[in-house]
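Chemist: Each chain, letter by letter, is given below.
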Amino acid sequence: MNYIGQRMLKLSDHKSLLVKFQSLLALLLMVAIFSFCAEGFFSTDNFWLVLTQVSVNMCLSVGMTLVILTGGIDLSVGSVLALSGAVMAGLLKNGLELPAFNLFIGLTALGAIFTGLLVGSFLGFFNGLMIALLRIPPFVATLAMMTIARGLTQLWTGGAAITGLGDVLRYVGTERFAGVPVLVWTCAAIVAIAMIVLRKTRFGRYIYAVGGNERAARLSGLNVKRIKLRVYTIAGALSAVGGLIVTSKLDSATPIAGDGYELDSIAAVVIGGTSLSGGRGSVLGTVLGVLIIGVLNSGLIILSVPPFWQKVIKGCVILLAVAMDKLNTKEQ
Amino acid sequence: MALSKSDNAVLQARNISKAFGGIKALDDVSLEICAGKVNAIVGENGAGKSTLMRIFSGVYAEYEGQIVLDGRTVAFANPAEAQDSGIAIIHQELNLIPHLSVAENVFLGREYVSRMGLIDYRSMHNETTRILKRLDLDIDPRVAVSGLRVGQQQVVEIAHALSLDACIVIMDEPTSAISDHEIEILFGLIRSLTAQGVAVVYITHKLDELFQIADTVTVLRDGRLIGSGPVEEVTHDNIVRMMVGRDVKDFFVKVDVAAAQVIFAVSDICLVDPARGADYVVDHVSFEVKAGEVLGLFGLMGAGRTELLETIFGLHPNRSSGDMFLDGRQIEIDSPIDAISSGVGFVTEDRKAEGLILEMSVAANISLASLEQTERFELLSSRLENRLAQDYVKRLGIKTPSVKQIVENLSGGNQQKVVIAKWLATNPRVLLLDEPTRGIDINAKNEIYKLVSELAGAGLAIVMVSSELPEIMAICDRVIVLSEGRQTAEFTSSQATQELIMKAAIPQGQAV
Chain B
69 MNYIGQRMLK LSDHKSLLVK FQSLLALLLM VAIFSFCAEG FFSTDNFWLV
119 LTQVSVNMCL SVGMTLVILT GGIDLSVGSV LALSGAVMAG LLKNGLELPA
169 FNLFIGLTAL GAIFTGLLVG SFLGFFNGLM IALLRIPPFV ATLAMMTIAR
219 GLTQLWTGGA AITGLGDVLR YVGTERFAGV PVLVWTCAAI VAIAMIVLRK
269 TRFGRYIYAV GGNERAARLS GLNVKRIKLR VYTIAGALSA VGGLIVTSKL
319 DSATPIAGDG YELDSIAAVV IGGTSLSGGR GSVLGTVLGV LIIGVLNSGL
369 IILSVPPFWQ KVIKGCVILL AVAMDKLNTK EQ
Chain E
268 MALSKSDNAV LQARNISKAF GGIKALDDVS LEICAGKVNA IVGENGAGKS
318 TLMRIFSGVY AEYEGQIVLD GRTVAFANPA EAQDSGIAII HQELNLIPHL
368 SVAENVFLGR EYVSRMGLID YRSMHNETTR ILKRLDLDID PRVAVSGLRV
418 GQQQVVEIAH ALSLDACIVI MDEPTSAISD HEIEILFGLI RSLTAQGVAV
468 VYITHKLDEL FQIADTVTVL RDGRLIGSGP VEEVTHDNIV RMMVGRDVKD
518 FFVKVDVAAA QVIFAVSDIC LVDPARGADY VVDHVSFEVK AGEVLGLFGL
568 MGAGRTELLE TIFGLHPNRS SGDMFLDGRQ IEIDSPIDAI SSGVGFVTED
618 RKAEGLILEM SVAANISLAS LEQTERFELL SSRLENRLAQ DYVKRLGIKT
668 PSVKQIVENL SGGNQQKVVI AKWLATNPRV LLLDEPTRGI DINAKNEIYK
718 LVSELAGAGL AIVMVSSELP EIMAICDRVI VLSEGRQTAE FTSSQATQEL
768 IMKAAIPQGQ AV
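Chains B and E, in that order, are what the protein sequence lines are. Using the working numbering, the first residue of the first sequence is number 69, and each one after it goes up by one. Using the working numbering, the first residue of the second sequence is number 268, and each one after it goes up by one.
To be clear, the hints were calculated from the coordinates, so they are not data collected in a lab. Think of the CB as a built atom: it goes at the ideal place given N, C-alpha and C, for glycine as much as any other residue. Honestly, I wouldn't trust all of these hints.
[To be verified] Heads up, incomplete: computed chain E residues facing chain B, CB under 8 Å, no partners named:
id: 1; residue: G384
id: 2; residue: I607
id: 3; residue: I624
id: 4; residue: L635
id: 5; residue: E639
id: 6; residue: E642
id: 7; residue: F644
id: 8; residue: K689
[Unchecked claim] From chain B, some residues computed to sit far from chain E (all C-beta separations above 10 Å):
id: 9; residue: K161
id: 10; residue: L223
id: 11; residue: K317
id: 12; residue: L344
id: 13; residue: L364
Put together the whole structure using the sequences plus the hints.
Modeler: Here's what the structure looks like:
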């Protein structure tokens, strides 16, 4: 038995290694192909361009990974991104007027950003409340939030873009620090922290446990509700960071910002091998998933593939990735 | 034992081999299944019984060797083909769809359809009621399966097989989760099936059952056929030896520990039925457990055993009442978190659904309920975690290639030990065990018994629910019998007899 067990472990080790590297191999393959046929793809400029372009999706997808690991989903990330970004831009530009109290509050850039992050976190927290306390299925709760936050964004902006936001946001969106875009630093920090949290903290372990078997987790004394609340709050906060990035890159906040971003982010998580039923997956996989989508976008644009075809191809890549994953798990 | 072609062999397996990734699960196994007989197949977990059954029932389409059904060689591409040829299987892990009703499950895939193309629920319910009557189970065919207890769900599975009019019915450990009363009914049923010429393939760990029900017995070990023949020609010891390849002591007999002071006491524990507010599922139950004592809780299906443990563990804070005391001090338990911090651990009945995170490693499962002790500077230390896990792997004799092994790949007995290890790691004073030996093989059972006694010997207070009387008799110091939520009797181990316990367990004034 012991001997058999060991051999089985070895076999599954090789397999999981292959599976783990599957997305990396896919990424490298895509880079190789585009480098070969898309002129200008393999260049330093494009390298940084791709990395800054994926930074929004990276933030959203890290949050989405946590949510999906618990067995949930968050459809509201795009709308929360828009509202947080709009709040930042609006406060920065116009300050906060409270006619009822005859009060005007002007905010510094950092104050505005902080408030925006707070708004995103609160919306995420609200998602968590609905899901953990009222037991509304995550799909439904966040679908509702998606609509609510989008509506609030339109109310807040009056349906028009808020532009001309000043130096601090411009710095975040376009400058470099030590030769690397500030946006890339931001993403790298978020990814690093998420990896440490997932692998090295109790909270991270509990996220996997809740997604793997919620009942067993609860019976083992885990505070499942609190874990879910936290996860959705973090997803909301990271959406707000996404809002900061979008707003600062464009120097404007529009009411339609982040529309459909939830789908790209779910796609990245799934391509990265995280199971939609929860309990299995990693941030590293998601990073690869985000990069795969980013590289694909960039390559297809450089090859001037028509936008409608880009969508078709992206969809096929998602199917292919998940099909490979299923085939591999089935064999085991 | 020689293998000869019997006249009434309905199914023959010839030289069946099956390998998974280079490991042989079955190695040149040949056997016959006879019509009108109960063909028992025994063997430890991993002996290849389930693999063989999956081949018979079309789950595994690829194997070496031949299957001959009624004189014709068959090769089932999928379970549906096997079913159409009259082979029904009742899996050990129940295969029901929780939110569908009993009738919908019984007729899943073969629903009665009216001329309008709609499901004819009336006939389905009538037919289901008829079949369930044959099984002596009085439940409404309209209720969702998820609302039934494990034992009742199993009867629904059996009803499903019966509704197929199968000529071969394979039962994979059908009695592992049902009470003695239901076992009697099941046996009656099996006898009537065989009288009608149906071949029953009966897989079990429980050797006593062989002599009650089986006509022939086949022993598998490590994927090989060890022996086969009429049940009259073998003895209990004989089979055990064939199964394990060595002599084992039959049942572990508990060492009596001197019972010391009371550690844990509960009084007037009540649990209200969620469906009918006035009824109690657990009705004013009180007991105390001493340090080093193993208290048995026995009861038939629906007696409220599991619910009692769940209530104590804080799973039903809104529907329950009663007082609990630890070391004489009253404690409040409104959630598993409270229970654990009060020093109560709960090894649940269904280890896959409630005990383990299957895709996590052995180490992660063991540390789950006490993860803070593997932290160093707020970060998890895999060194501390592995050390903790290795400690329990060694102490409990968990057979695993490493603590990093995914727990899903372990055998049932070893999985159960992982669950127990998880609770021991929380340093409990009181351990609640719900059917701790369900679905595990005889060797592993003995190890669990030994472990339970050792834990008691180390001063733990243990409350163990079991539906196996011999098990209760063997390791409990005291037995409390529950019937319909009420405490109907209490025996010390010297007073207890199987008859007395059973008498107290059967509800008064009505058939079960």
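Chemist: Mind listing which of the numbered hints don't hold for this structure, in increasing order?
Modeler: Hints 1, 7 not satisfied by this model.
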